[in-house]
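There are 2 protein chains.
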Amino acid sequence: MPDALATFLATNRGRFLEELETFLRIPSISTDPERRPDIERAAQFVASSLRDAGLEHAEVIATDKHPLVYADWLHAPGKPTLLCYGHYDVQPPDPLEAWLSPPFEPVVRDGNLYARGAADDKGQMYMHIKAVEALRAVHGTLPLNLKFLVEGEEEIGGASITRYVAANPDRLRADAALVSDTALYADGMPTLCVGLRGLIYLEVEATGPARDLHSGLYGGAAPNPVFGLIELLSKVKDAQGVIRLPGIYDDVEAPAPAEKASWEALPFDEAEFLRAEVGSLKLTGEPGYSVLERIWARPAFEVHGIAGGFTGAGAKTVIPAVATAKVSFRLVPKQDPAKVVASFRQFVADHTPDGIQMHVRELSGSPAVLVDTDHPSIRLAASAFAEVFGRPTVFIRDGASVPIVGDFAAHLGIPSVMMGFGLPDDGLHSPNEKFRLENYYLGIATVARFLERYGQSA
Amino acid sequence: MPDALATFLATNRGRFLEELETFLRIPSISTDPERRPDIERAAQFVASSLRDAGLEHAEVIATDKHPLVYADWLHAPGKPTLLCYGHYDVQPPDPLEAWLSPPFEPVVRDGNLYARGAADDKGQMYMHIKAVEALRAVHGTLPLNLKFLVEGEEEIGGASITRYVAANPDRLRADAALVSDTALYADGMPTLCVGLRGLIYLEVEATGPARDLHSGLYGGAAPNPVFGLIELLSKVKDAQGVIRLPGIYDDVEAPAPAEKASWEALPFDEAEFLRAEVGSLKLTGEPGYSVLERIWARPAFEVHGIAGGFTGAGAKTVIPAVATAKVSFRLVPKQDPAKVVASFRQFVADHTPDGIQMHVRELSGSPAVLVDTDHPSIRLAASAFAEVFGRPTVFIRDGASVPIVGDFAAHLGIPSVMMGFGLPDDGLHSPNEKFRLENYYLGIATVARFLERYGQSA
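Quick note, the sequences are listed as chains A and B, same order. For the first sequence, this note's numbering assigns the number 57 to the initial residue and increments by one for each residue that follows. For the second sequence, this note's numbering assigns the number 57 to the initial residue and increments by one for each residue that follows.
In short, the hints are calculated from the structure, not lab data. Not one of these hints is a red herring.
One copy or two, it doesn't matter: identical chains are merged, so the pair holds either way.
No more than 25 Å apart at the CA atoms, straight line, and that leaves these computed lysine to aspartate or glutamate pairs for DMTMM-like: (1) Lys121 to Glu90; (2) Lys291 to Glu259; (3) Lys135 to Asp226; (4) Lys135 to Glu112; (5) Lys291 to Asp406; (6) Lys390 to Asp428; (7) Lys291 to Glu261; (8) Lys291 to Asp410; (9) Lys395 to Asp306; (10) Lys316 to Asp481; (11) Lys291 to Glu342; (12) Lys338 to Glu259; (13) Lys390 to Asp294; (14) Lys338 to Glu261; (15) Lys121 to Asp150; (16) Lys390 to Asp430; (17) Lys316 to Glu342; (18) Lys338 to Asp406.
Work out the full structure: start from the sequences and follow the hints.
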């Protein structure tokens, strides 16, 4: 049997790549209202791929924003049910001029498939579908019950799927979820992610004068919203990255000593991380914590964007009437998003400069997640992973947030197997995003093996 | 004679307005490279208007950037020579959506002429030309020698005219200059401006990671250039507006007690200034100084614009690779621009956050100016002004900079009569810039009277 699967996978590599490239050509940027038709095309593409793989009841479900795609196959009584999740939406590709090839014209260079969404998350989501197709082709049936739920708003907060999961626990009932939206710790190293940071994304708008003012005539007497925003945001964290919101660290739990020890054993090369991934003069962050602790187990405040006043070519001597910033807090387990948002609102109220008005808008929020490594789905995923890759699986966390994992835990009471095949330098959210082609194929094989093992476990 | 002049001016009001409207329809935005053909058209318009008014040797002079326009009339031996200055370039009109009528389609509403450049400076510069035309029409000759020098780079630093003045002191030799690029202190109140703040305009670029990073994967360990810029700029001045550059106040001279007393006698209404002009919750600025002192006689630091990261609709969790800000220092008499720039560069070097690189670019710089109120040109301008307006002329300063006034002082050794007819709420550099139509006509009359008086003085 293993040989038949391996043979099928080897024989179909070319087609698997072509199909994924077709998917990647759809610019399904969820934050861009003009891409709405592409969002619809991407949803239809997913539904039709699920049908082709042998799943039933494939359905594009309208929501308040972007559609969900659902499908299932429930003909394995007594076997576990696995809920496979992915997202078909992608981040905006800007800055466009930094791409070596157009973001929505996938191309293979040096064994990597370059395109927006190649790794995050179209390529990884498509692996699930191809694994199902392969199992059916080889076995004529499937080893366990499957449900698929794929969304189009992951990059913009995922409000619709959160509501859908909360409202449809019976339809989605399962024993575990499978989520491939994370990365291998290093190429060739089977990796399960068992912890995620949460995220609160906010917009802060500062207003001052009723209109843009000439800075010569008013500079020294009129409040400046750009500077007001600068003053405020400069106080949210200190130069070392320590967040100054009162109480922000009260609920932060340190990782267990065993988990911390296992991180220290990972082949993490700080100099290489700096050189190959970050590319700045040096790393920064809270003193007293390792880099992995800082990005996996410590909260972080970031300003993602700021805009105000004149920023074109040349000089304009203006005191602008308005300035805005996009900011976020990354959260760790036990931190309550609502509490942090309330604390930030209070901080803004307490530190708004004279003459300025601040308006805070919450764009999205989700708590952090920790998964129990003793759950059967996690154990069997780890062993399938180790079999395909030929070495033991490591358990890590991820500093990014996968809000759906929190929703599955909260509303369905199930853990998520976070089995990702990306690499740390894939450039998610950056220009020249890529997915290592070999990992796409290994991913399909690993998911297929995991489905077999999980089906045999009951 | 006075009656003949007044009659001519009254009879020609309609034509004077139409001609100015034609001038205002040319979108001669000096900072926008795409407007280069409009810059050329505006220069040609000025040259041809000067010729029509009876001036000679009208010439459009090519420079490294935007052309200058020169003309003269030198047939009054023994009489003083006045150098009339103005600029035909304008600020960008953005934000366009805030204009009630298109910025380059002048329209009269409620006695005001609305258009970009109506007051700053096309309308005011055109008054000089119409005053000359009127005097020639009425007297058949001119009462003194005149030179005109009009530039197209005032809004972007005026580098070309600065070079031209420095290189051509003989051609431009004069006894005084006439500059109408300031405002009346209040409507109906004849006002001469005898002090201007200087300006240093700078761009600061912050860089960090080699590319945009996913903030989930790197937040807490990677330096963020947007936050780095925020940290740096927040330190340049404190919450009350006091600038923190070491030594910045060392050369600042307080206004003479008499000048300060005269400012206190001006009908300045702080509540009205706040309500009608600034429109913010309250005024801000250095404690211990009146509003007029703060904007006329104290240095000020402003951030005019800031840009970095994702600022579109929705959410993008990015740590951007680069962020930029446009900033300026307003300078007062005795402050040396070069010294302040050096101090700022040192401050940036001293306060650049870890992991960030800052690059400072100086876009323009000019010192502050104080004019001697005992000079004949100033005395006669004050009396002409008082005659036309029917009340005594007040002496004020202006917080904005008119770099050419410093150039005339430095290279030609002459004072500038800063006789402006704008109003404080004209919205220079803002949407819905306007010029009170009555003041356009009064301005033509006042300039004509001043030329007569100055000619009779010798």
